[in-house]
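Protein chains: 4
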Amino acid sequence: MRVGYIGLGIMGGGMARNLLKKGHAVTVWNRSAERTAPLREEGAAVADSPRALAAGVEVVCTCVSDPAALAAVSQGPNGFLAGLRPGTLVIDFSTVGPDAVRALDEACRSRDARFLASPVTGSKNAAAAGTLLLMCGGPADTFQAAQPVLTAVGAKAVLVGDIVQAAQMKLIGNLIIAHMVEALSEGSALAAGAGITVEKVLEVIQASGYASPFWDFKGKALAARDFSTHFAVDLMHKDLTLAMDLGHELGVPMPGTAAVREVYQLARAQGMGQRDIIATAAVISPALAKS
Amino acid sequence: MRVGYIGLGIMGGGMARNLLKKGHAVTVWNRSAERTAPLREEGAAVADSPRALAAGVEVVCTCVSDPAALAAVSQGPNGFLAGLRPGTLVIDFSTVGPDAVRALDEACRSRDARFLASPVTGSKNAAAAGTLLLMCGGPADTFQAAQPVLTAVGAKAVLVGDIVQAAQMKLIGNLIIAHMVEALSEGSALAAGAGITVEKVLEVIQASGYASPFWDFKGKALAARDFSTHFAVDLMHKDLTLAMDLGHELGVPMPGTAAVREVYQLARAQGMGQRDIIATAAVISPALAKS
Amino acid sequence: MRVGYIGLGIMGGGMARNLLKKGHAVTVWNRSAERTAPLREEGAAVADSPRALAAGVEVVCTCVSDPAALAAVSQGPNGFLAGLRPGTLVIDFSTVGPDAVRALDEACRSRDARFLASPVTGSKNAAAAGTLLLMCGGPADTFQAAQPVLTAVGAKAVLVGDIVQAAQMKLIGNLIIAHMVEALSEGSALAAGAGITVEKVLEVIQASGYASPFWDFKGKALAARDFSTHFAVDLMHKDLTLAMDLGHELGVPMPGTAAVREVYQLARAQGMGQRDIIATAAVISPALAKS
Amino acid sequence: MRVGYIGLGIMGGGMARNLLKKGHAVTVWNRSAERTAPLREEGAAVADSPRALAAGVEVVCTCVSDPAALAAVSQGPNGFLAGLRPGTLVIDFSTVGPDAVRALDEACRSRDARFLASPVTGSKNAAAAGTLLLMCGGPADTFQAAQPVLTAVGAKAVLVGDIVQAAQMKLIGNLIIAHMVEALSEGSALAAGAGITVEKVLEVIQASGYASPFWDFKGKALAARDFSTHFAVDLMHKDLTLAMDLGHELGVPMPGTAAVREVYQLARAQGMGQRDIIATAAVISPALAKS
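Chains as they are written, first to last, in the numbering used here: chain L, 6 to 296; chain D, 6 to 296; chain S, 6 to 296; chain X, 6 to 296.
Quick caveat, the hints were computed from the structure, so don't treat them as lab data. Heads up, a few of these hints could be off.
You can't tell identical chains apart in this list, so a pair holds if it fits in one copy or across any two.
[To be verified] Subject to a maximum C-alpha distance of 20 Å in a straight line, what follows is the list of computed SDA-like cross-link-like pairs (lysine to any residue):
#: 1; residue 1: LYS26; residue 2: LYS295
#: 2; residue 1: LYS205; residue 2: ALA160
#: 3; residue 1: LYS225; residue 2: ALA74
#: 4; residue 1: LYS225; residue 2: ALA150
#: 5; residue 1: LYS295; residue 2: GLY276
#: 6; residue 1: LYS243; residue 2: ASP71
#: 7; residue 1: LYS205; residue 2: LEU255
#: 8; residue 1: LYS243; residue 2: PRO72
#: 9; residue 1: LYS27; residue 2: ARG280
#: 10; residue 1: LYS161; residue 2: SER233
#: 11; residue 1: LYS225; residue 2: ASP167
#: 12; residue 1: LYS295; residue 2: GLN275
#: 13; residue 1: LYS243; residue 2: GLY102
#: 14; residue 1: LYS161; residue 2: PRO218
#: 15; residue 1: LYS161; residue 2: GLY214
#: 16; residue 1: LYS225; residue 2: ALA118
#: 17; residue 1: LYS243; residue 2: ASP231
#: 18; residue 1: LYS205; residue 2: ALA228
#: 19; residue 1: LYS26; residue 2: ARG280
#: 20; residue 1: LYS205; residue 2: GLU39
#: 21; residue 1: LYS26; residue 2: PRO218
Since we're looking at a predicted model, the values are computed, not measured.
Generate coordinates for the entire structure from the input sequences, incorporating the hints supplied.
Right, dumping it as structure tokens:
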């Protein structure tokens, strides 16, 4: 398929590259042009503007950092909406919240284009390897039509429901991650006090019925006191706050998440907002702080 | 090896059977004799007393429900200690707390016998299938000598450290399970409010980097509102209390676990103490209560 | 002074009456006219519109339920702003949040009128008795000029700072109340389990250094299982949510308040949103639930 | 009355002095003799041993630091039990837990002596001023008989129930204090972020219906960042742990107290165990930490 990709950041760059590898004809655009060079060498065309990009493709993909960036690439005389042809499929891989996605959905519909929200979960490595998890929101036939693109960039795409539900599911997923990190932190802090290493805790966990690749990912970092950032404390705190807000809107008591969020707040108050979420272990136990 | 097995309850029965299947010469004893009959049919010898059992084997295994039961089968004129020969290996699979295990360890040492604590994690099904996780405590050479027995009953045996550390590791594992259940409960309650089913949440989780067999185990039960007991709320509450006590002894703040434990306390106050731990989801959300 | 009073609800009615009692010349207006009748009998004039009211007084007081009601009485051709003369003092006793108050402040300034925010704390009884607590925000000279009105309706007026700080202080006060209610609930639940009555707990508390009139107010209600509403669970939940939002904006960890708010959420999920805040004790203990 | 007083520490010294002032004939004993000198000068007799003390008085008072100290002054050849005559009234002002008090109660009964447990609440200053709060446990007639002593040392004595209930009530009182401190900490931290001083918060609180002398006591210390110890973090943590243990024994969910206790644990992990309980505010907010 002829696929346009707007936004070649940490995630987007890897995803565009995987579209190329799978044989799609890819045209790219990025706010700062230097990021387009490596993709041009690998065979991608480079468009002069989002509008020009949209005019020549069957699928427009976007992956930007926030609602303002999404507005900048979609609206105005050079925005992709201005070049969008009826029947084009638009897929947004950004995590920008329900309001921005809903606005884009409506703008696409008014141009007879189709829209799929597809927030992603996974690290930079997963983006490069094409093993992201895609939590999709939109009509079933749009989801179906997007399969050639989705299978190129992700290991798995789940149609969660509508576009708002896809965004909510992403919050729920991050909530689960935060609980797992807290479990690992408090368990490892107890273990440290008892003279049991994080490595040993990890060995037991991974031999159990509650084993998970995630324990290895964060447990090895904790064992090495390596708090380099894959998922920042500030970002998780924001998502936990959105999840709590949703819970309060829906009338759902969340006593565990409420307690966990305050651990993130304590971490932020101690200057760890830009560290990885596993750095919250240092709030619990000096023995787990970076040496 | 000639192996004696004392305590043929839900877990012990399956474990003794696996020892037979792996070709060990097994002698069994149980407080109520009727439980010995099926094993006798499968080839096990049946001893008249724990003392008699100990006199004829190389390894004595125990798997009983509490410290009093352990004292009953080990002490007194018919207890297995009275029949224990020097060099015999004693393996306790019970979860009876550090004091009882320490006392048994000392009694074994004073008779020149070797002792290995080996609390197990896993369900009745895992005991039957020989796929339990064994968290062992004791000297490395004793752990080595026990391998023929351990590999017959468990999928994996980890030497955690000394006998107290093995018991502590088991508490840490249960703490992690409790956090995972809380994450699943609160996440599923949010999802229910947002019109997303537990099945869909589970589909997303299991496609993610934080996938785990445990999510399927509890998530499917929650989706079916099946709160039949694999791990009772009362039992987990007891273990969380022990973990918190350990945390306070060691000076480890545990804000997440503290919040989670009170959810179990709320469940108990609402009459759910004997339900499965996933029933705590009903404390959070009426939408997740059993229909 | 010639004082106009807009909004004769539960609080406003009592406050206007106290202004009359202290000898002020009072003109009133209320959306539904029947509430003006009793005050007319006691000597108040009744205006045809907020605009007409403002045209004839030195001080305009407002006490309405939400931002929409405040906009309705202040804006438009019949709003009081249309009749406001330079130099008039406007005092808002509502609790409508910083945005609405800030907008009103600006509208007053643009007409050379002075504005004082004065959210109140206290019950219907306190409004009738003139014993409210007033948390004022605005310039010191405006606060000074308002003294004849403030002393007529309240036992105490504190100049907290600017108008936003006055609103924030009110949230902080309610946060403290929520913690006191939780302390009384959990303490009384423990006492009930130990066979000690709420009355006895109250006797001890009130003999201690941490005695407070508030314990009597809520403790006697709890002892009688009288959950009739003075301060609704839903309302406190809203204020705790605003306080948590403020905490997260300011980077303040609030682990205690986070836990307490979820108790209110549990109470709401159990259908107690419109009961008094002391009804949250029933979430903690069936022994404290209404018989 | 002829009153013997054993244990002239911070609290006991002031209490014995107040007995003298009220005209009682006081005999004292203390483990280290130098503490008896000032009381001798003020008119007290000094006994050679607890046994000798008990032989000459109608009432024996004890006020020691822990169960071991209570055993040391009561048991053995020189303990006061050895000198106790039938009908003597024994009043224990210590806080030593139910087991120690129950043992002493039984020892007194077996000698036909009467026993009243009377844990005290209040500071060193209150002990000196005779304004302590006494939470008494024992038979009503014993409580009645003790009035001349109780009114000499305390502002108020409440007969809570039996000796165990008196000890439980003291835990409940301390639980309430911990919640009040947390409310003040989190409220003041929010205020600090909003540019409102602790002094201003205090002014508002003390003008409200939830005013309490306790707010002044701790609020002025917090405003001055004066964390000198009246009630140590370690001690409160111990009492909150006992209260939680009681809650779990009685099946009472305590989500608020659970969260608050972990704040104390965080304070301890940060080296503040021996600071005053108001130092926990520094866990919440760097702005409230001692400068």
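Hint-by-hint comparison with the structure:
Taking the shortest Cα distances, LYS26 and LYS295 never come within 20 Å of each other, neither inside one copy (40 Å) nor across copies (49 Å). For a Cα distance limit of 20 Å, the shortest separation of LYS205 from ALA160 across copies, 17 Å, qualifies, whereas the shortest one inside one copy, 31 Å, does not. Within a single copy, LYS225 and ALA74 get their C-alpha atoms no closer than 35 Å, and across copies no closer than 40 Å, so neither meets the 20 Å cut-off. Neither within a single protomer nor between protomers do LYS225 and ALA150 lie at most 20 Å apart by alpha-carbon distance, with minima of 39 Å and 30 Å respectively.
For the identical chains of this complex, LYS295 and GLY276 are neighbours both inside a copy (13 Å) and across copies (18 Å), given an alpha-carbon limit of 20 Å. Taking the shortest Cα distances, LYS243 and ASP71 sit within 20 Å of each other inside one copy (13 Å), while across copies they are farther apart (28 Å). When the C-alpha separation of LYS205 and LEU255 is checked against a cutoff of 20 Å, the pair qualifies only between copies, where the shortest distance is 19 Å, while the shortest distance within a copy is 41 Å. In this homomeric assembly, LYS243 and PRO72 come within 20 Å of each other (Cα to Cα) only inside a single copy, at 15 Å, whereas the closest approach across copies is 28 Å.
Taking identical chains as interchangeable, the C-alpha atoms of LYS27 and ARG280 are never at most 20 Å apart, the minima being 35 Å within one chain and 50 Å between chains. For the homomeric pair LYS161 and SER233, neither the shortest alpha-carbon distance inside one copy (27 Å) nor that between copies (32 Å) is at most 20 Å. For a Cα distance limit of 20 Å, the shortest separation of LYS225 from ASP167 qualifies neither inside one copy, at 37 Å, nor across copies, at 23 Å. In this assembly of identical chains, LYS295 and GLN275 lie within 20 Å of each other by CA distance both inside one copy and across copies; the values are 14 Å within and 16 Å between.
Within a single copy, LYS243 and GLY102 get their C-alpha atoms as close as 11 Å, which meets the 20 Å cut-off; across copies the closest is 23 Å, which misses it. For a Cα distance limit of 20 Å, the shortest separation of LYS161 from PRO218 qualifies both inside one copy, at 16 Å, and across copies, at 18 Å. For a Cα distance limit of 20 Å, the shortest separation of LYS161 from GLY214 across copies, 11 Å, qualifies, whereas the shortest one inside one copy, 23 Å, does not. Taking the shortest Cα distances, LYS225 and ALA118 never come within 20 Å of each other, neither inside one copy (45 Å) nor across copies (38 Å).
Taking CA atoms no more than 20 Å apart as the test, LYS243 paired with ASP231 passes in neither setting, with 22 Å inside one copy and 34 Å between copies. Taking CA atoms no more than 20 Å apart as the test, LYS205 paired with ALA228 passes inside one copy only; the shortest distance there is 10 Å, against 33 Å between copies. Within a single copy, LYS26 and ARG280 get their C-alpha atoms no closer than 33 Å, and across copies no closer than 52 Å, so neither meets the 20 Å cut-off. Taking identical chains as interchangeable, the C-alpha atoms of LYS205 and GLU39 are never at most 20 Å apart, the minima being 46 Å within one chain and 40 Å between chains.
Proximity of LYS26 and PRO218 under a CA criterion of 20 Å is satisfied in neither setting, with 26 Å inside one chain copy and 33 Å between copies.
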